[in-house]
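Protein chains: 2
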Amino acid sequence: MVVEHPADSVGGHRQGKPDVAVVGGGPIGLASAWRAAQRGLRVLVLDAGEPGAWHVAAGMLAPVAEADFGEDALLDLNLRAAQGFPAFCAELAEASGADPGLRRGGTLVVARDRDEAAELDRLHAFRQRLGLGVERLLPSRARRIEPALAPTVRLALDIAGDHSVDPRRLVAALREAVRRAGGEVRAGARVRRLLPDGVELADGSVQRAGTVLLAAGAHAGALSDAVPVRPVKGQVLRLRDPQGPGLVDRTIRTREAYLVPRADGRYVLGATMEERGFDTAATAGGVFELLRDISEVVPGVLELELEEVLAGLRPATPDNLPAIGRLDGIVYATGHHRNGILLSGLTGELAAAALCGEALPGWAAPADPARFARVPA
Amino acid sequence: MVVEHPADSVGGHRQGKPDVAVVGGGPIGLASAWRAAQRGLRVLVLDAGEPGAWHVAAGMLAPVAEADFGEDALLDLNLRAAQGFPAFCAELAEASGADPGLRRGGTLVVARDRDEAAELDRLHAFRQRLGLGVERLLPSRARRIEPALAPTVRLALDIAGDHSVDPRRLVAALREAVRRAGGEVRAGARVRRLLPDGVELADGSVQRAGTVLLAAGAHAGALSDAVPVRPVKGQVLRLRDPQGPGLVDRTIRTREAYLVPRADGRYVLGATMEERGFDTAATAGGVFELLRDISEVVPGVLELELEEVLAGLRPATPDNLPAIGRLDGIVYATGHHRNGILLSGLTGELAAAALCGEALPGWAAPADPARFARVPA
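Protein chains in written order, with my numbering: chain E, 1 to 377; chain B, 1001 to 1377.
It is worth saying that the hints were derived from the structure and are not from the lab.
Not one of these hints is a red herring.
Across the chosen pairs, the derived CB separations fall in these ranges:
| # | chain 1 | residue 1 | chain 2 | residue 2 | range |
| --- | --- | --- | --- | --- | --- |
| 1 | B | 1154 | E | 308 | 35 to 43 Å |
| 2 | B | 1168 | E | 39 | 52 to 60 Å |
| 3 | B | 1115 | E | 281 | 30 to 38 Å |
| 4 | B | 1303 | E | 196 | 41 to 49 Å |
| 5 | B | 1222 | E | 98 | 42 to 50 Å |
| 6 | E | 151 | B | 1117 | 28 to 36 Å |
| 7 | B | 1278 | E | 308 | 17 to 25 Å |
| 8 | E | 273 | B | 1168 | 33 to 41 Å |
| 9 | E | 204 | B | 1273 | 52 to 60 Å |
| 10 | E | 308 | B | 1273 | 22 to 30 Å |
A few chain B residues that don't get close to chain E, going by computed Cβ distances all over 10 Å:
| # | residue |
| --- | --- |
| 11 | 1066 |
| 12 | 1076 |
| 13 | 1084 |
| 14 | 1102 |
| 15 | 1128 |
| 16 | 1144 |
| 17 | 1152 |
| 18 | 1168 |
| 19 | 1264 |
| 20 | 1273 |
| 21 | 1319 |
| 22 | 1365 |
Some chain B residues near chain E, calculated using beta-carbon distances under 10 Å:
| # | residue |
| --- | --- |
| 23 | 1284 |
| 24 | 1292 |
| 25 | 1302 |
Quick caveat, the model's predicted, so the values are computed rather than measured.
All C-beta atoms in this analysis are idealised placements derived from N, C-alpha and C, irrespective of residue type, glycine included.
Throw the hints in and build the complete structure from the sequences for me.
Spelled out as structure tokens, the structure:
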């Protein structure tokens, strides 16, 4: 039995089906919906109601560290996103009346041994070539600015421009911004499949829409064959200092782990990278390795209270680049892998442009979802 | 305002106040209530409704390993309790119709280095002097019976007689046994203070009773000055093997940690010992140390799912012995520290005897609560 949902009727001025049905209520879907609503489109966000990867994510805004050497296209997207992120947050705060949780603490990347120090020197040179701020700190200097660092730290890079944002606050602010822009966010609306003119929901009902925007994160692969998205599991620990903030002020990164401080004495410690399908169970090994790695550089982490152990699923594509743009009548905004928070603002603008039928700028071409269709059968 | 609770009226034959108000609905209070009800006393168990230390406990039945060298009186109590535990469980299963979760898997104590091996040899000799079964296993033999052991294990003791019980099942069975014996278990009844003829509850109401039995675990110290009980925090991890049972069949102990298998592929990994007052927050350090210690001897633990991180409060006295018996009109059954599960059956019998005005046997004298009153002011 097919049940038609009545037309969206926020404010009484809505008639008929929405212009856009956004599949996914995470930061990508919401940022896209917000930007689309700002452009005058009637948007309906279908949120399955299960917190996505954003609920688990630490929210590092680290454009360079998250792009491997050689991933130039991704690096370019990340750099653009990082540059625009403060303005995105400022506009969002203004539009929503809510604090998106941007924290300008900077990041310290630390090396524990000679190999890691050599790696940091490569990262240092790379950032300098890119004209990005970075300072090389000997251990004594690093420990002066972050006294919680272990004496065994061999080298550190101070990346004052790599900030962080609290993804849970970001999503809350985006939800409010969508609503204030006239859009609707429908909770508990799980999409079962895409239709030529809308979507079918898990309860069997159909939601018609002018265009479907697929922003379903790791679940996008199950809804469309055109963009191959697989889940990459990431476990994080959420910690709390009963003494309040101050153990570390900056995000602390090692090769395997990172510790992101919030303003209130809480910390997010992440994250594993595991190819295990749609498995979100916390594991003893994941928790152990995160604690081992970070406690080698910030021993005081072991004094913190453990509030949550969580796992999320990053939506990864074969080339680690997202899929943003129109293909066969659907607009894609997924596949952001480790960069979903950082790229949320940028993706929202691109997706809204695609929804309005605009051609995307040349620098966004590497994220064109059509690239996967080019693979010979 | 003081509100009198109406008389307990289970089965319609109860008139007036109960003979015994048991403060505490854990295994000690429930076993005491069950035994008292079997002796014809009308019992009312006041259960604060917060799971106690038993909810966290692994349920090892290890009389020798839990008594330090020199703690002969505690060792004697533990040995008596261990000897009687299977019969206690059998009677309880019969009386309750529920499985108390006794598991006769045995225990393997393992040494990781020369020091620990020397310690195992002392434990081996000690158990032999006591006439208790124990077998000394070289690593190759230990790994034949428990293939999940790390190759680095240096020595193992196979203690076939050290079993385990599932404390959550034990408590459920005891609750049912109390009810079937005609007693009442009142949930959500938190006792605020003891009165000469009953107790005052947190809601201000008064429950009169012929005698009060104080079995409030770590909270006993707040209700009575006569027995100094302090909380000793213990953190445990509850793990699950999605492949089902079989990683290890026996309880595996190191000097710092133990891994107790349940029948269904679940494991309890415990436990820290921390003097931190009434703090039950899980900590990063507690979790890390447990995982580090046990994964050195059973690396496969790191593949398990992490279901729960919990902390409980052991009720400890200055001499590590429990307080069981009558003092100044109150019957005490508390202070069981690390041995509350093992000693539950034995304590129930002693407490019921004390409630009936009987003198306790000479071997129970070291647990006499009056010993603390002898300390000069």
